[in-house]
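Model the full structure from these sequences, guided by the hints.
So that you can map any letter, position 133 of the sequence shown is 133 in the numbering used here, and since no number is skipped, the others follow by simple counting.
Any given hint could be a false lead.
What follows is a set of in silico ranges between Cβ atoms, one per label pair, in the way DEER data are often shown [unchecked claim]: (1) 33 x 117: 16 to 26 Å; (2) 239 x 127: 22 to 32 Å; (3) 199 x 303: 42 to 52 Å; (4) 294 x 228: 17 to 27 Å; (5) 239 x 140: 21 to 31 Å; (6) 196 x 80: 21 to 31 Å; (7) 242 x 284: 13 to 23 Å.
Under the rule of at most 27 Å between Cα atoms (straight-line distance), these lysine-lysine pairs were calculated in the DSSO-like manner [stated by the list, open to error]: (8) 210 x 110; (9) 123 x 210; (10) 128 x 37; (11) 37 x 127; (12) 37 x 210; (13) 40 x 210; (14) 128 x 288; (15) 123 x 110; (16) 210 x 128; (17) 128 x 40; (18) 80 x 37; (19) 80 x 288; (20) 110 x 127; (21) 127 x 288; (22) 210 x 229; (23) 288 x 123; (24) 37 x 288; (25) 40 x 123; (26) 210 x 80; (27) 40 x 288; (28) 210 x 288; (29) 110 x 229.
Simulated from the structure, these hints should not be mistaken for laboratory data. Small disclaimer: the values here were computed from a predicted structure and weren't measured. Glycine included, C-beta positions come from ideal geometry on N, C-alpha and C.
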Amino acid sequence: MSHILHVTLTFILSVEFIIGSLGNGFMALVNIMDLVKRRKISSVDQILTALAISRITLLWSLIASLLVSYIYTALMITGKMMRIIKIFWTVTNHLSIWLSTCLSIFYFLKITNFSNCVFLYLKWRVKKVVSVTLLVSLLILFLNILVINRYIDVWIDGHEANMSYSAISSKSAQFSRLVLLVNTMFTLIPFTVSLTMFLLLIFSLWRHLKNMRHNAEGSRDVSTTAHVKALQTVVAFLLLYTVFFLSLLSLCWLVEFKQKSFIVLFLQAVGIAFPSAHSCVLILENRKLRQSLLSMLRWMRYRLKDTKCSIP
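Printed below as a string of structure tokens:
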């Protein structure tokens, strides 16, 4: 029974990784092909392309860190290896979260309508707002890496000292907790911004529906549909990232347990669901990506029929 459970969780983990890589790769490929064809690309497609690329690298960094934790013990991991793993994961996770936040800001400024002068100023300069947000995120990323590097230097000093295996394992567990705590503090900023966008979108939708009460009951205009789609995208991001964060937090406290325990494997599968499932949500919510996906599926179905017919 335990062997079957382990195989099942490993299979789920592998499927999530494949879906995430294919989904984000498809999203990036469609937008890049559209750029080559039209010689231009919209702002939202730029964000989606950058987000897809960051998600692919995030998935590979997660898989790489999992493989390292399975193959190497705490005593075998070198300082250089630890620095590469932690910083690469920090960068990819940071970009994934902040680009999703930029997407939330873009939808909010494009869809909602408030009479506030500050809002109108930002709405007319939505591209600049997104650009400034990305620049601020890079500054925060720089500070994040500085703090992580400091913790890594302390870990290396303890790792290279004449310590027992149990002491090194304890130090590694404590180091992982500190790194996760630092990254959490920095990623709480974009999470809070996305949550604020979500609340403001709800308020804007409520005001819009209130103004539309004179229409027939159950009718839905273009603005309402846009509000609902934007809310679905932001809610999916918030929920999936919350699950992702909780799974990483739980993994941090379970670091002393054996790496191949079922609860650890389950939490790893839950964590990888964030960059994989969110890409599927974005594809289904975006009309161009959804139509491209349907066209590709039709082409694959016709090719499969032709192949079967050609077989004697």
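What are the numbers of the hints the structure violates, in ascending order?
Numbers 1, 6, 12, 13, 16, 18, 19, 26 and 28 - these are the hints that the structure violates, sorted from lowest upward.
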